[in-house]
Every structure is written in C-alpha cells, then in structure tokens.
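Keeping the supplied structure of chain A fixed, place chains B, C and D with the ligands upon it in accordance with the hints.
Protein chains in written order, with numbering that gives the first Met the number 0: chain A, 0 to 99; chain B, 0 to 335; chain C, 0 to 200; chain D, 0 to 658.
Hints are supplied without guarantee of correctness; some may be wrong.
Claimed, not checked - Distance condition first, Cα-Cα at most 25 Å in a straight line; then the derived BS3-like pairs of lysine-lysine: (1) Lys68(A) to Lys214(D); (2) Lys372(D) to Lys563(D); (3) Lys68(A) to Lys310(D); (4) Lys67(B) to Lys368(D); (5) Lys563(D) to Lys368(D); (6) Lys450(D) to Lys67(B); (7) Lys109(B) to Lys164(B); (8) Lys31(A) to Lys196(C).
In case anyone wonders, no lab produced these hints; they're calculated from the structure.
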Amino acid sequence: MEKEVKRFPVSHVIGFLASLALTFIAAVIALKTSLSFKAIMWIIGSLAVIQAGLQLFMFMHMTEGEDGKTNIINIAYGVFVAVVVVVGSVWVLTSGHAAH
Amino acid sequence: MLKYIKLFVALFAVIPVLLLTGCETNMVVFEPQGPVARSIMELINWSLMWMLLVVVVVFAMFGFIVWKYRERKENMNYEPPEEHGNTLFEIIWTAIPILIVIALIIPTVKTLYALEEVPEGYENEEPLTVHVTAADWKWIFSYPEQGIETVNYVNIPEDRPVNFKLTSAGTMQSFWVPALAGQKYAMAKMETQLILVAENPGSYVGKNSNFNGRGYTGMEFEVLAQTQQDFNQWIADVKNTAPVLTEEKYEEMLKPTHLGRLTFKNTHLAWVNHADEDAQTYTNPELYRYNGYQGKTFEEEDNYMNENSETESGDHHHEENHDDHGNHGGDDHGQH
Amino acid sequence: MSANVNTSLPLEYQTHQSRMNILGFWIFLGAEIVLFATLFAVYAVLYQNYAGGPTHQDIIMIKEVMIQTLLLLTSSFTCGLAIYEMRRNNVKGLISWLVITLLLGAGFLFMEINEFIHYIHEGATMQTSAFLSSFFVLLGTHGAHVTLGIGWAIIVIIQLIKRGLTPVTARKIFIIGLYWHFLDVVWIFIFTFVYLKGMVG
Amino acid sequence: MGNIKWDEFFITGDPLILGAQVSIALTMLGVLFGLTYLKKWKWIWREWITTVDHKRIGIMYIIAAILMFFRGGIDGLLMKAQTSRPEMGLLSSQHYNEIFTTHGVIMILFMAMPFLIGLMNVVIPLQIGARDVAFPQLNALSFWLFFSGAMLFNISFVIGGSPDAGWTSYFPLAGKEFSPSIANNYYAIALQIAGIGTLMTGINFIVTILKMRTKGMTLMRMPMFTWTALVTSGIIVAAFPIFTVALALMKFDRLFGTHFFTVSSGGSDMLWANLFWLWGHPEVYIVALPAFGIFSEVIATFSRKQLFGYKSMVYATVGIALLSMVVWVHHFYTMGSGPGVNSFFSLTTMLIAVPTGIKIFNWLFTMRKGRIKLSSAMLWALAFIPTFTIGGVTGVMLAMGAADFQYHNTLFLVAHFHYVLIPGVVFAVFAGLYYWWPKMFGHMLNERLGKWHFWLFNIGFNVTFMPMFFLGLNGAVRRSYTYSAESGFAPLFLLSAIGSVILAAGFAVFCYNIYWSIRYADRNISSDPWDARTLEWATASPVQHYNFAKLPEVKSFDAFWQMKKNNEGLTLKDSEIEEIHMPSNSGQPFMMCVIFGVVGFFLVFEWFIPAAIASVGIIVGLIYRSFDYNDGYHIPVEEISKTESTWRNEKGEVHKHVG
Ligand code: HEA
Ligand code: HEA
Ligand code: CUA
Ligand SMILES: [Cu+2]
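Chain A extracted, bound-state conformation (with noise of 0.2 Å):
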C-alpha cells in the first residue's frame, strides 16, 4: 500500500458527496413519494447498505494493509450472523403463531 500523499482527499470528498445524495435519496423516497411499503423498504435498504460499503471501503480503508484479507473475511462473517440474527429473529418469532 502506498502513502497517500496527493495533495487532495479526492476519494474522501467523493465519498462525502455519494453519501449525502444518498441519504437525501432516501429521504425522499421514504418520505415523499407514495410507493408501497415494501418497495421503499427495498429500496431505502439498499441505498444503506451501498453507503455502508461506502464507509468502509473509501474511509475506513479496509482493505489496506497486510491484513486487509482477514479485515474482509471478518467483516464478512460479521455481516453474514448480523443478518443471520436480524432475518433469523424475525422469521422464526413471527411464522406460525397464531395470534399475534
């Protein structure tokens, strides 16, 4: 990895940008249009977690350095149980009972 020496943050002022539009997207989409629930969702949802990626990959740098390969696979496994613990919660507490 080499050092950053150019004179200008390029890629973070790049990534500042991308993340507010689409903060301001999503605000939007949720709060001014009249799509269905399920399609905001859907769509809202992505933007966040494309401007996660965001985070991570233009200001965190987690790739970088000799261990961004287990940075990668960590963050990986640790996105694979959160969404293991949030799908999984909700699926297994809320199918088959009857009243709720």
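The following block gives chains B, C and D with the ligands in isolation, referenced to the frame of chain A:
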C-alpha cells in the same frame, strides 16, 4: 493392560444392548394411545435404527483398532508409518452420514407437517375445541362449545380429534400428554395449537414440562378419554351440578397456588382470553416474594394486585415461606 | 515486541504491535456489528408493539433527525480528512480536523438528548411500551458509543499534543477514526430502519 | 441504600446454607492466615495477581475452574441425592431450583469455558512459537473480569439469594413479575462481567494466532488445537455480543421496568428464548471445539502418528463453526413457529453430524496402524470416542423436530447434554491436564492414580446418566425436584444416584492425585516426556517466562516431531541468544476486577447511586490505561543463557530422555 481393554469394551457393549431393549420396555413414549403419538413413535423408531447402526459401526471400529494397535511388549519397536489421510475414505465418511441425514430429514419434515393437521382417518370428524389456560401452577380447561370449565383435569371423547388451543396467564408452560401427543408451549398473549386423538378410553397423565418456578413439580393433570356417550353424559352432569365461576373466584384461582380439581358450568372466556394481545394481565408480583432480598417491582396498570398489595402480600409471605411439601398437586397428584 | 519495525508503511502501521492492535480493533468492530444487529433484531421484532402508547408517527421529529444525520455524516467526512492529514504528517491539520469532528459529534449528541427529552415530555418513555423500550435502547446504545468516542478522542488528542505524532499516537488516532466511521455506518441503518421506516409504515 | 433489610441480605434459615456460609468464612480466614503466616503476600501479588504471563494466567484460569467444578459438582450431587428416592425431603423445591440453576451456569460458564481458555492460554502461544499473546495485559484483564463475574455469581448463595430460573432464565419467569427477588440480577450482572472478559479473550486469541506465529508456521501447519482455538475465538466474537445485548435487556427489564420480555405492554417472552439460544447454541460448540483440539493432540501423540486427514479436520472445524450459528431454534421446536421453521432447523442441526462424523473417523484412523500407548491422557481421549458418539447420536434424535416434541424438557435431553458435555469437555480437560501437566509444572501426574481416576469417573458417569435416557422416554421431566412413588421412576433414579457417588469418588481421586503429585512426584523429568509432536515440547518444563530463547523455525506440520527426526533446530548456541523484550506486570487488571465486582454488587442490589459512584473507577481505570506508555523490559543475554543451561545438555541440545 489387556484387562483394561476388555473392561472397556465390555462397558461400552452394554450400552447398545440397553438402547435396544429400550424399545420393548413399557416406556410411555413407546406405548402411544393415539395416532399422533404413534406417528412420533414411528419416527423415533426409524431414527433409533439408524442411530444404532452408527453406534455399532463406530464401536466396532473403535474396539477393533484399539485392540489391534495397542502398545504391547512385542511391538515396542514398531514405528508407525507416516500417513496424511486418504481421500477416498474421507469421501466415504462424509457421504454416508449425508445419506443418513437425508433418510432422517424426509420423514421428520413429513411428520412435522402432519402434526399440524387432524390425523389421517379422522378428517371427517368435527374436532372438539378445548381452550387450555396454563397458570401458576394449575391447568384450566375451557370448553367454549359446551360452555363448561375444568381445572387440572380434562375429559375428551375417544376417537375424535381434540383441538387444544394453548395459552398462559403468566409464565411459559409446556402442555404434554406423552401417551397421546408431543408437547407444545403455552405462552401469555398468544395462542398455540395442539391436535390429538385418543383411540381408547382411559386415563392419561398430562403435565407441564417447562420449568415455571417454585410450584412447577406437580403441575399435572389427568386426561380422561371417554366414549362419546359418557362424555355427553358428563357434560350434562356438569351443566346440572357444577357451580358458576365468577370473575372474583377466577382471579383468586390465578394466584400462585396448587389447586385440586374444580369444575364450573361456565367459562372464563366470557371476560378474558389470555391469548389476546391486549388481554388484561393478572400478574401478582407481590405473591412471588419468597426468597432472598427483594428488589422493586414495577407498577403496571394491569398488575392485578396493585391496589391491595399490602395486606395480601403480608400474610401470604408468611404462609408460603415454608416449603410446600404437602401442598402440591391437590388430588391430581400421583393418581394415575 | 516493538521489534519488526517497517518504516516504509504509514506511521500507524509501522510496528508489529500497532498492526496487531489495528487488526484487533477490526475484529472488535466485527463484534460490534453483531451487537448492533442484535439490537436491530430486537427492534424489528417489537417495533409494532405499541401497547396503546404512542406510535412512530406520533413522536418522531423527522426534521431534527435529518439535521442529526447531516452532522454525523459530515463528522465522518472530517474525521477522514483528519486521518488524511495525519498521513501527510500534518499534526496541526490533524488536530484541527479532529476537533471539528468532535464538535460535530457533540452537536449530534446534544440534539439527540433534546430529542429524547422531547419524547419523554410527550409521555413516551422506555417503560411505556415494548416498541419504545427497543427504540430508546437502540438509539441510546448508539448515543452512548458516540459519547464514549468523544471522551476517548479527547484523551488521545491530549496524548497527541504531549507526545507528537509517534507510531503509538498515530495508531491510536487511526483506531479512533475507524470507530467514528463505524458509528456513522450504524447511524445510517438507524436512520433508514428506525426513522424513515417509522415514517412510512 | 438507606434501609438495608439485613434479614433478607444474608440468606438464613437453611442448615445447608449456614454450613456453606461457615465454611466459606473459615476457608477465607484460612487463606488469609496462611498467606500472612508464610509471608507470601508480596509473592502472590508480584508473581500471580499482577502477572501478564500467559502461562500463569492460564494456570489461574485452571485453578479457578477446578474450584468451580467442585462447586458445580456438589450441586450435582445434591440434586442426585434429592431425587434418589421419591418424595425426598432433602431439598425444598426452591432450593432445588437454585441449585440446578447455579449448577448449569457454573458448569458451563465458570468451569468448562475457563478450563479450556486456561489450557488455551498455557498452550497456544507455545504451540505457535510465540513469547506471549498479542495483548498480554488485556489477557490479564480478561481473566480478572471472568474471576470477578464468577465470584459475584457465587456469593449469591449466601448474600441476597441465588438465581432460580434455570441456566436459561426464560422470561417471563425470570422477570420481575415472577421473580421479584434480586437473585436473578446476579445472573444478568455476573454473566455480563464475565462475558466481557470472554469476548476480549476471543479477540486476543484471533490476533495472536493470526499475527504471532513463528517463522514458517503457515495456517495449514498449525497444530489442531491451535486451529480449534482460532475457530472457537471466532465463534466467541460472533456469539458473545448477542448474549451481551440479551443480558443488558434483561437488566433493563429487571432494574428499570422496560418491556422487552415482559407479559405486559407488548414484551415478547419468545424474544428472550430466541436471543438466549442464538448465543447458547454456539456456546456449546465454544466449549466443544477446543476439546476436540485437545483430543487431536493427545491421540496423535500417543498413537505416534500424524493426525489423519488434517485438512478435512480443519474444514470440519470451520464447518461446525458456521453451522453452529444457524441451528439455535432446535432448542424451542415446541414454541410453535410452525413446520416450515422447524423443518429448516431440523436439517441444519442434523447437518452438524457430518463434520463431527468426519472428526470421529479421522481420530479412529489416526490410531489405525499406530502404536497406541494407554497413558492416562490417552485413556480419556479413547473413552471420549464411544461416549461422545452416544451423546451425538441422541443429539441427532433431538434434532428431528417432530420427535423432539416427545423428548423436549425431559431427562432424555438432560442425558444427551451430559453425554456431550462430560465426554466432550470434561474428558478433554482431564486429558489435557494429564498431558500438559509436566509442561506447566515440571512433574507428571501419577499414572496409577490417573487410572483410578479414569475408571471410577467413567463408570460413574455412564451409570449416572445412561438411566436418564430411559427415564426421559418414560415421561420424567427435567428440573422437577421430586416425583411420586407411583410414577415408577424410582429404580432408575436410584441407580443414577449411585452412579454419581462413583463419579464423585473419581473426582476425589483426581484431587488427591494433584496433591500427591505436587508433593511426591519426580522432578527430574525430560522436557518432552511423551515424545510429542508440537512446539510446546521444544522448550523447558516448566516453561521459562520468555518461552523460547530463540524462536523456532517451522518447516512442516508436526514441527517438533520433524525437528527431532531430522535432528535440526534442537540446539541453541550461545551466540544465537539475543535480548528478549517482554511486557511488564501490571496491577491494573486486578484493580479493574475489584471495581467491576463492586459496581456489579451494587447493581445487583439496585443501589444505583453507589453503583454510579463506583463506576467512575472504571472510567478512571480506562483513562489511566490510555496514558500508560510502559513499554516492558528487556531480559539480558546472560540471564537467558543461564536459564537455558539449566535444562539443556552441554551441547545445548534439548534434553530428551527421562533420567
Ligand atoms: C458440548 C456440548 C454439546 C454438543 C457438542 C452438542 C451436540 C449436539 N446437540 Fe446438543 N445440547 C447441549 C450441548 C451440546 N450439544 C446442551 C447443553 C443442551 C441443552 C440445553 C438446555 O436446554 O439446558 C443441548 C440440547 C440439544 C437440543 C435441544 C433439545 C431440546 O431442548 O428439546 C438439540 C436438538 O436438536 C441438540 C442437538 C445436538 C446435535 C444434533 C448435536 C451434534 O453436534 C452432535 C454431532 C455428533 C454426532 C452425530 C456423533 C458423531 C458422528 C458420527 C459418528 C457420524 C455419523 C452420524 C450420523 C449420520 C448421525 N442438543
Ligand atoms: C459442563 C457442564 C456440566 C457438567 C460437567 C455437569 C456435571 C454433572 N451434572 Fe449437570 N447440568 C449441566 C451441565 C453440567 N453438568 C447443565 C447446563 C444443566 C442444566 C441446568 C438447568 O436445567 O438449568 C445440568 C443439569 C443437571 C441435572 C438436571 C437437573 C434437573 O433438570 O432436574 C442433574 C441431575 O442429576 C445434573 C447432575 C450432574 C452431575 C451429577 C454431574 C457430575 O458430573 C458432577 C461430578 C463432579 C463432582 C461430583 C465433583 C465434586 C465432588 C467431589 C470432589 C467429591 C467429594 C465431595 C463431596 C461428596 C462433598 N446436572
Ligand atoms: Cu409467545 Cu408467540
Ligand atoms: Cu443447541
């Protein structure tokens, strides 16, 4: 050394024998009295067969290898070969367990789905609905169609599906009549369902199997399967002779106690169904202060005891402090 | 253990111990992902259990929340600039951007506390319903993390001023940077799945 | 705090508890007196309490775990005594409930896990050829937090009341509505404190194993125990945060009146069960996997053969870890999530049999064509294979959702988990102790007593728990303090109780073995008494505090074995010795332990203001640590060469043979 190994092998040889004989002894799980419990038993037997196979294979290999390659005086100079592994072998012992798992999962899934439905052969019978309310530490059965209610015993007609609708007035319980069906949890503010059929008239033990506090032991009930006539007769008798359940009496009943059998000619469903999401919560935190240092409890609008907690908790504390040895189960305990 | 120095790397990666600390922190962040995921799962299960209490639409102040979001997004950006300055060996720039970051963070925190006070005045407390319990605890955990981050950063800035940019202080700053960005990531999900979803659903 | 109710504060009125109180007080006085009399205060502070040496921390973990085994074991014996006859009156139902709760918690969280973490601490840095773990001071903090949590949990017995809602502490029972006593606060708070320590251990070991391996030790050359430790640490990091949150929410419900799991105001009791098992199931593999690693080492060493199918063992370990995150629902098939959910989790659960089977067969084939030496350590590993298979296949029976409706919450389940936990964990730590004891202390455990220990414990174990399978199938439920004579359970319960006495006798022999060996065992032993295969045996016994004078270089799997075979890398020339940098001791972790203990104690009693004041101490500690730039110290060359010369022969070779 030899002696040790013999002992070793002998010890572990006993185990599968014990497991085998398990199927013939009079264990309740292996003596089903209805199609639901029978379908589970068939699944269990199927799995036992495969598990036995696994156990036999592993034990045999184990015994053989340990016996053959143990260190002896004669082989002290034997230097074992270098051996990294063997792909073929490794594939074999990955594949065979996968096949066994497939052999097990298919009937498991089938049974899981079948248990949700009225058992085969009984589809044309109109199921009897019984609401079950588990409370600390008693079982309350309401028959909405017949309009009667029983405590700690439930009579059902034979050869007719019974649809138990389970809920709880507080803690979590598990409704289990091993001779007739597997168990299911009863939880407050929700409803689970358990369908079973009793093939023969008879009395079966039912119990709570999910630990729910000090009075958990002895939270049992009797399931009495009767002929349809006897059942109808019983309903009529109850209608004629049983007392009326009042709301006050009911609230009294929900306190943490063991009760004997009770019978009423109306049901509490008239004023509360604990399965409803916004049903009133008749909790009595004050009555559970019996061990250790007491922390604070939180005032909920629907804590039943809030208004008069002072007096009630005062004398209860005293009386319940000593253990309830002679106190559990009323007359249903151990009557099977 | 301080052996194995590699001066061709950025300052924070130069010693073996630093590389271990940074890797360790990444793994800690993995654990934090799971921790917040659990809180999100709890929220997802309970978010409609109003128990007769206020609902999302009754209480959420979406304008304020938008401003909070902007503050936090910007602070993440300025924190990135701080690290960028650090890699250019510009201590002054580093400290200035860090201070700006913390001020933005403090602004966020201030608004969040106000928001909570407002809710409580409306009668929406942690004890009101399962929805509000999960709502407050999810947000509160994030807020507590931000508070911790600010306190910790102040301590490290003091060390930075005292000792200048050394492999150790550089590594500490770098790790705080990671932490701060991570909190921003969490906020994005809170913003999306608590506030926006609450306003839609 | 103004009006403490002293009559509730100390638990009184029960002779058993009074006895416990008296004996605790006497033991503590005895320890204090002994330390003073022998003038050992300074020594214990300098050499142990403030140590950051991974080997000593490991030993402290092990000592604490053995103590906890005692406590949990006596709980177990009391339960067996109570159920030995129908309608026994030894324990009241309340007392029985407290005992199985503390038994479960202590055995799993304060016995099994610390025991294995202790062995990991002692062995892993040695196996990878490192001088310590990645973060030695954090390691000490982890230990002390575990210790703080364990002690806090244990005092519940005499002060304030023991938790009584089961080790699973299901809501609503464990909530304030049904357990208003502070007893269950102990559960939430003590486990929280210990859990933080465990989480940090997980991070520490991942970094240690990934970053501190000696030259040439690629991932695929790591000993199997190291692999399992790595994977276990991964599970810890994934699972413990879930438990942390669950416990925090439990505290919020109990201390602040929130509604996560309550009956009223929209809480969900099922959510607790769900979160608990999201952690709880991985937890059982957290204790099982390192145990599998220990067996791998022991079986290879005493068969004098390389581990069979090393690669597939590694993949199986990783496979178990991934699967372990997606099976949790098998603990509550009966909650009514429907056949779809139950089918899915039946399948994932059963699939764990596949990688576990791979392991079993690989162990068997490691022994095949070997020369199996039946040492005490090996006996434990051997007994593990058949008994664990029984535990495992009954696990598969439980995994079949529909069948589980008949097994759930019965003694069949209790038998299953003792058949996996005891062979899978307890046998492993015994095997590990007999195996690594000389490495830790420079003398062996007595083999003859070891055999007695083995046979008594093993026979006792099977006699205790085998009957429970049949009791369960006959409808005997768990956690029931008594049963009626009419139930027909009595003979098997009695048999089981007799078994537990044999089991206890076995454990007593083990304790005696430790005592005997410390006093009388031969100190003049080789540094490699088993002719073993991995790097921990390439250095002195007991290990010098810097582990290796010169870090070994690894060229293959089973590095030390190859070194011995090719006779390379075993000698140390004086010219090769360099100064060694080591971390300094620190009293801070112990201080944190005390502060956490005090804060925890106040929180348990819901005294918030004192708790808040005390927690300032935690913050001060953290700040202090941040400003601490102590960089350790260097061991001079002379000291190293002097130490090395005491255990190597004149040529600087590793001293190989007993003499
Ligand atoms: C070390 C701890 C440990 C281990 C390793 C296991 C291993 C397994 N456990 Fe167990 N379990 C517990 C500890 C453990 N368990 C505890 C403590 C509880 C109860 C908690 C409580 O409620 O208090 C419990 C409860 C429990 C339940 C819940 C039952 C209920 O509450 O009703 C289930 C259900 O599926 C289950 C299944 C399994 C399975 C499938 C395995 C598998 O991993 C086993 C795999 C091993 C083998 C199968 C043997 C070797 C394999 C072969 C020889 C290959 C060929 C075999 C086949 C193809 C079958 N366990
Ligand atoms: C690693 C975990 C572990 C271990 C090792 C054990 C070990 C033992 N357990 Fe275990 N047990 C659990 C984990 C464990 N258990 C869990 C998780 C539960 C569930 C809890 C719950 O339901 O919430 C449980 C529940 C449980 C029950 C079920 C209670 C019930 O549901 O009603 C029983 C009953 O017999 C029992 C018995 C035993 C016995 C006899 C031992 C023996 O192996 C212990 C042997 C050790 C000793 C005996 C050492 C001390 C004794 C001496 C040194 C002898 C000399 C001294 C004197 C006699 C004073 N345990
Ligand atoms: Cu309880 Cu759904
Ligand atoms: Cu499990």
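Quick rundown of the hints versus the structure:
1. Lys68(A) to Lys214(D): Given that 25 Å is the threshold and the Cα spacing comes to 20 Å, the pair holds.
2. Lys372(D) to Lys563(D): Holds: Lys372(D) and Lys563(D) sit about 20 Å apart, inside 25 Å.
3. Lys68(A) to Lys310(D): Holds, at about 21 Å.
4. Lys67(B) to Lys368(D): holds (8 Å)
5. Lys563(D) to Lys368(D): holds (21 Å)
6. Lys450(D) to Lys67(B): Holds, at about 21 Å.
7. Lys109(B) to Lys164(B): Roughly 23 Å between the alpha carbons, so the hint for Lys109(B) and Lys164(B) holds.
8. Lys31(A) to Lys196(C): Between Lys31(A) and Lys196(C) the Cα gap is close to 13 Å, so the pair holds against 25 Å.
Of the numbered hints given earlier, the model fails none.
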